[in-house]
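Student: Residue-level listing of the chains:
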Amino acid sequence: MRRTYLDHAASAPLRPEARDAMASAFEVVGNPASLHTSGRRARSVLEDAREDLAEVLDAEPAEVIFTSGGTEADNIALQGGWAGRRAVRPGIVVSSIEHAAVRETAAALSLRGARLALWPVGTDGVVVPGWLADACDDTTGVCSLMWVNNETGVIQPVEEMAEHARSVGAWSHSDAVQAFGHIPVSFRDSGLDMMTISAHKLGGPVGIGALVVRRECGVGPVQFGGSQERLRSGTQLVALAAGFAAAARQSARVGVDAEALRLGALRERVVAAAAAEEGVDVLGEGVESSPAIVNLRIAGARADDVLMLLDAAGIDCSTGSACEAGLSQPSHVAAAMGLGTGASETVRFSFGWSTTDADVAHLLEVFADVAARARLASR
Amino acid sequence: MRVLAAMSGGVDSAVAAARMVDAGHDVTGVHLALSKNPLSFRSGARGCCSKEDAHDARRAADRLGIPFYIWDLSDRFIDDVVEDFVSEYAAGRTPNPCLRCNEKIKFAAVLERGMALGFDLVATGHYALLERREDGHTSLRRAVDETKDQSYVLGVLDQHQLRHSAFPLGDTRKVDIRAEAAERGLRVATKPDSHDICFIPDGDTAGFLESRLGARTGDIVDESGEKVGEHEGTHRFTVGQRKGLRLGTPAPDGKPRYVLGITPVTNTVTVGPRESLRVARIGGIRPTWAETEVHDTWRGFAQVRAHGAPMAATISHRESQRVDEEPAVWVELDEPTTGIAPGQAVVLYDEDRVVGSATIDEAVPA
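Going down the list, the protein sequences come from chains F and D. Sequential numbering from 1 applies to the first sequence in full-length UniProt numbering. Sequential numbering from 1 applies to the second sequence in full-length UniProt numbering.
If we strip away everything but chain F, and leave its shape as in the complex, we get (with noise of 0.2 Å):
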């Protein structure tokens, strides 16, 4: 059977030029760190990582740490940012719509004594415009606000929050892990004092990310060791970062306004698809957002049972977000903007470099009877 996979957001395919990369990576001997020749040539590899990846994020090569992934980046982001200034400026702030990441990171961090205060967002999927101005002051530490929502794709004001947080002196910090390869992304021009990437979200390997952090950033570390990344202890990883870069690459090349033009029209036939079904709303709806999610609230259907019967039809989508059971819960994302039991009723599409018109085709060609027939074992 034809399956067609629409769940970039979760994870994207990976790149062949990625899988080469890597695969020439692999052979290369030695720690980087070590001095020897053996040595110097993983670092070299690594470093050529660095600077690529920092040419394609518009930032400097000394300001990209390599992480596991966006959960550490984010873990260092916001317990690093604030553990330090913690006596003068022990606030948090983060938005409602925030990844398990930031959000139970910051829950934690509310337990050792962080004042934390969540960032409400609007019915739109956006989050509330001139609330930050009283809630984040110069006893707050660190301000975070994702760029690209992972369920519904509305794009955030991430650039007025690092300005505001700038103005008030706490470290802004943004998760861009949905936005990197799929909107245009210029650390230097955000304003952003950190920010999170991932490499498998645009088609590399799973297992890196890294955490921007602009130089007069005073986030500290959260783990100890050899200091190798500087804020992030550990043997480095040399061929995952080369296929970062390559991934990262490869997307610069094709371009990011050409792809976003090519996913935003496979978008816009599911959105029009929908506005053609009873009953069938769009997440976000009329803001902003990236073109590689679009998130269906389907009224009076389980997301449960429409994420099965796709699946039994060949297409792979995604509920909520699924906790270690297995078990979707219903959407934080859609609970906070205001959907009710509705949130139970959502069901996410998202495309990437390996998208075609014809795996929305497929995905339109099965919509409408596997909606109703949901409807139905709902009843």
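What the hints contain is simulated information worked out from the structure, not anything from laboratory work. Don't take each hint at face value.
Between beta-carbon pairs, the in silico distance windows are [stated by the list, open to error]:
hint	chain 1	residue 1	chain 2	residue 2	range
1	D	Ala116	F	Glu216	56 to 62 Å
2	D	Ser211	F	Glu216	37 to 43 Å
3	F	Asp369	D	Glu335	54 to 60 Å
4	F	Arg2	D	Arg133	37 to 43 Å
5	F	Pro184	D	Ala116	50 to 56 Å
6	F	Arg166	D	Asp204	57 to 63 Å
Straight-line distance between alpha carbons at most 25 Å, and here's what the computed SDA-like set of lysine to any residue pairs gives [as the list claims (entries may be wrong)]:
hint	chain 1	residue 1	chain 2	residue 2
7	D	Lys36	F	Gly300
8	D	Lys36	F	Ala107
9	D	Lys104	F	Arg375
10	D	Lys104	F	Arg373
11	D	Lys255	D	Val221
Which chain D residues stay away from chain F? Per the calculated CB distances, all over 10 Å, these [what the hints assert, rightly or not]:
hint	residue
12	Thr28
13	Asp72
14	Val144
15	Asp202
16	Ala206
17	Thr268
18	Ser276
On a predicted model such as this, the values are computed, not experimentally measured, just so you know. We put the CB at the ideal spot given by N, CA and C, even for glycine.
Since chain F is already given, all that's left is putting chain D on it; use the hints.
Tutor: Here is chain D on its own, set in the frame of chain F:
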């Protein structure tokens, strides 16, 4: 056919799913998440509600190469099984939550949802046999392995439910199922059987009920109504119970005393000699019928516990069931028996075939 295999994470449901795959069906596995706060690991004899059990079910599905999902039915389970269990005890009755779960969850909520999603059958690892006639009529019979027979807890299923069920293990003995699981490379082959009530993690039913109902001290009285002791909550007792009465006053005849009845309204427990437990006639309410044609009066067998012995009886029922729930089924036992508690199910058999069931409401002394 398209088959939904309910997979608890135990050996039985894994083999049941495997057999449906072998039979050429298009099988999808589902694990039912019934607990709001599942434990991470199995503890003691609990065998279906932990995350580890969900994982075991998933790995069995992987092994069989079938799709697998988890369905969150915890809300339904709390309403229809847990709360029912508590309120039945509060009313002085002795419920069977497994039976209730089959009636309300597995072969109702799950079956209906599965059928709406395009499935034809729900397959489980219960030990029972189904006999399908040409015209689709389906009879429920006892399993080949008498010690594992679960036709009693399936006795509440009606014809519609039976037609859309599959019990692939009914023709095999449990020991052979374990061997088969091992041959199939299923890791659950040696996993211990589950016992007890799945939603009471520590097995302390009295403690669980007490946390829900509170402990209200009341009188223990004898058959004449004279107070012979005190109790710390009627939920600690079930009809036929002998242990834990802690009676200060010995019986006049010096013989052991048993719980004869529980009266929640006055919060009293009535005790008496073993002879007074003897029941010759059982009145049942809320009957369900597995078979479609049932005589008004017939000779058959009645079973009142999951692994109780079938008792020869004459069974009669009335068509019109009044709202005030006057017993609609009467079971005259050939030989009086003991320990019949209101709330238990009486399942009615014609030889080894389930005809129907009812909830015991009255036990008339011999």
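Student: Of all the hints given earlier, name the ones this structure violates by number, lowest first.
Tutor: Structure breaks hints 2, 5, 12, 13.
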